[in-house]
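Number of protein chains: 2
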Amino acid sequence: MKKLKIGLFGFGVVGEGIYNVLTSKQHLGIDVAKIVIKDETKTRNAPTELFSTQAYDILNDDSIDLVVELIDDADAAFAIVQTALKRGKSVVSANKKMIAEHHEVLIQLSRENGVSFLYEAAVCGSVPIIRNLEEYFDNDLLNSVHGIVNGSTNFILCKMYEENQPYDEALKVAQESGFAESDPSLDVEGIDASFKLGIIALHAFGQLIKAEQILRKGITSLHPFDFEYAKEKGQAIKLVANGNTNEKGELESLSVFPTFVKTSSPLGQTSNEYNGVIIGSTLADEQFLYGKGAGRYPTSSAVLSDISAFKYGYKYEYKKGVHKTDLNITKSGLFYVSFDKIYPFDSSVFSEIHQSYIGEERAYCIGKIEHKNLIKHRLLDDLNLSLVSYN
Amino acid sequence: MKKLKIGLFGFGVVGEGIYNVLTSKQHLGIDVAKIVIKDETKTRNAPTELFSTQAYDILNDDSIDLVVELIDDADAAFAIVQTALKRGKSVVSANKKMIAEHHEVLIQLSRENGVSFLYEAAVCGSVPIIRNLEEYFDNDLLNSVHGIVNGSTNFILCKMYEENQPYDEALKVAQESGFAESDPSLDVEGIDASFKLGIIALHAFGQLIKAEQILRKGITSLHPFDFEYAKEKGQAIKLVANGNTNEKGELESLSVFPTFVKTSSPLGQTSNEYNGVIIGSTLADEQFLYGKGAGRYPTSSAVLSDISAFKYGYKYEYKKGVHKTDLNITKSGLFYVSFDKIYPFDSSVFSEIHQSYIGEERAYCIGKIEHKNLIKHRLLDDLNLSLVSYN
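Keeping their order, the protein sequence lines are chains A and B. Here the first sequence is numbered in our numbering, starting from 204 and rising by one per residue. Here the second sequence is numbered in our numbering, starting from 204 and rising by one per residue.
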């Protein structure tokens, strides 16, 4: 078998990890031919002649079959990936932001050029969610995908739950432990999770929906009171990305919300930096996939798996289609909304109120809300409100 | 696209479920052309003209591309599947016993005839373990697979644990609830689990090992005392199938043993009829796959997935090889062995004893045992002994 030649963009922890594995496992027949980096002054643990700062050293090299893109900057990544696909090179990427923003174009380019474009590492690290949705749950009557897809927020929520820490303190611990970035907004506002959910929705339901259309409430306005409430009820609070269809098989909503889950349930047991996704189908009931969602090794593992799949000629087939569409939000769900008792909360957003409570400091309402009214009433932007979904 | 024509063997709960789904989902382009059954006197919920009692009505029909084999009798199934493969028909089967007993021949026949032979439903129902091992964990440094692969015994063990029931009573409850068969020996003696582990070992490690070589201790001699002990230590007892490699990548042992697992761990949380499998790899750490292990819908789901995969030309590639080999047992592990205090247990099987205890009725030893000595000292056959592995 001809050796596979790879061009690597980025030599951070994941890039270096992959280089090390491929170099030490010569029997795999995969050579890293060139590594493009931004900063040529850094010391690197690989032969100097492999490195370049010129993207075209890879993109113009016809002997390179596969580009592995592992850089942070989503715009630069898009330029690289686009050019690579146009030149008939296959691409493995872990860049969820780039994929979420340019999914349609990238799929089109990969199809036009007959090449593979694989990105398992972009969603839930080593958890093989895309491959499973794509390959396995094709024929089955898949009706929902929901889960914890962001390790940073899950780490923070665990700290808030277990140690009664307010958000700011828990964030600080996460940052100090390397589980949250110095600018955590993509994570804590649920944006990262909505990128991933958009990618999942395409492979699960065949619908290509912009991340901006996904209903999203982050974790920044959750209050210790909410965690006390959850504990009393035997629940944890997790940031859950959810997509589900109605009885006709139509997508009802795509959302990322803080959500009550039973502490004893699979998602309730998904702690700290772990990810867990539940695939619901009419026939198989629920499948749970669980593992590390991010970090050097889990991401490397997913990238290596894609490289290996490419060697066997694997392409995503998008068997459920690639239907570009606007999200038609028809779902109505049960929510808990809490706020400072003096805050003038307008409860008319609820179509039904089941419980309302006013205590010494904090108040809450529980009832039904039509998802589309969350936008209309601006509940998702209001930082004075804690919103927790009952899924 | 040309319609796919299927010949179905067996019209039990799974067969009928699949017939119903394929018939109601015409857009899938899959027709059930013929159904071969044993008993033609039973009333069936499908048009009479579809049924036959003659296997050759399917096997001789050149228009049928795919045989879906769903009958209980492993010998009859083997005759059918063998003939189908020889005639160039692809086969989907859920028959783990048949596969475990004839795996090599069946793989060879499917290769010689260039057809697919798929059997996801044979291992852990709807949990896509074979597909994941085959497709996803190829390049990664996979070093262990262990899990709960038999729902009947898991149900019984949960009853023994939760309700302090002795084995016989728990078995009776499982039988009454439909979770154990009237002759439960294949399940409770761990034979079913060893069939599955053998199949897993081929896809995980590329080694084709006879089920008889798998070290196996069932659950029949577990005693309520053992569950009390486990509880005190925050552990559950599960029947765990395990295969793992040593640092050189060589398979150390394949075993099915009652095993202590932390109650809070993924396997500890796998209750009743559920199955859960952990795939351990150097890079991705641990992946956990969880779902319903058997029953009408989970099995149907896996069979449908295989049918769908076949439509897309899917074949197992056995990328890790098909190396027929004898198991070279080199592992040494920690075990708990308990027995009636008057039983003359020969503790020389232990290479190290860490604890020994004698109480009013029951005694136990905990220490290291070389796996191969379990056979030499006949510990696996001795029904007077409870043996629980610390994994």
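These are calculated hints, taken from the structure and not from any lab test. Don't take every hint at face value.
For chains that are exact copies, the list does not tell them apart, and a pair is met inside one copy or across any two.
[Claimed, not checked] Below, a list of computed lysine-lysine pairs in the DSS-like style, where the Cα atoms sit at most 30 Å apart:
| no. | residue 1 | residue 2 |
| --- | --- | --- |
| 1 | K206 | K527 |
| 2 | K241 | K436 |
| 3 | K300 | K241 |
| 4 | K205 | K518 |
| 5 | K514 | K534 |
| 6 | K436 | K465 |
| 7 | K208 | K300 |
| 8 | K544 | K413 |
| 9 | K451 | K205 |
| 10 | K206 | K518 |
| 11 | K522 | K436 |
| 12 | K436 | K245 |
The hints, checked one at a time:
1. K206 <-> K527: between (38 Å within a copy, 28 Å between copies)
2. K241 <-> K436: neither (51 Å within a copy, 53 Å between copies)
3. K300 <-> K241: within (20 Å within a copy, 56 Å between copies)
4. K205 <-> K518: For K205 and K518, the Cα distance is within 30 Å both inside one copy (19 Å) and across copies (22 Å).
5. K514 <-> K534: Close neither inside one copy (42 Å) nor across copies (34 Å); limit 30 Å.
6. K436 <-> K465: So K436 and K465 pass the 30 Å test inside a copy (8 Å) and across (24 Å) alike.
7. K208 <-> K300: within (26 Å within a copy, 43 Å between copies)
8. K544 <-> K413: Neither, since 36 Å and 68 Å both go past 30 Å.
9. K451 <-> K205: Classified as between: cross-chain Cα gap 27 Å, same-chain 48 Å, threshold 30 Å.
10. K206 <-> K518: both (19 Å within a copy, 23 Å between copies)
11. K522 <-> K436: neither (41 Å within a copy, 49 Å between copies)
12. K436 <-> K245: Intra 52 Å, inter 50 Å, cutoff 30 Å: neither.
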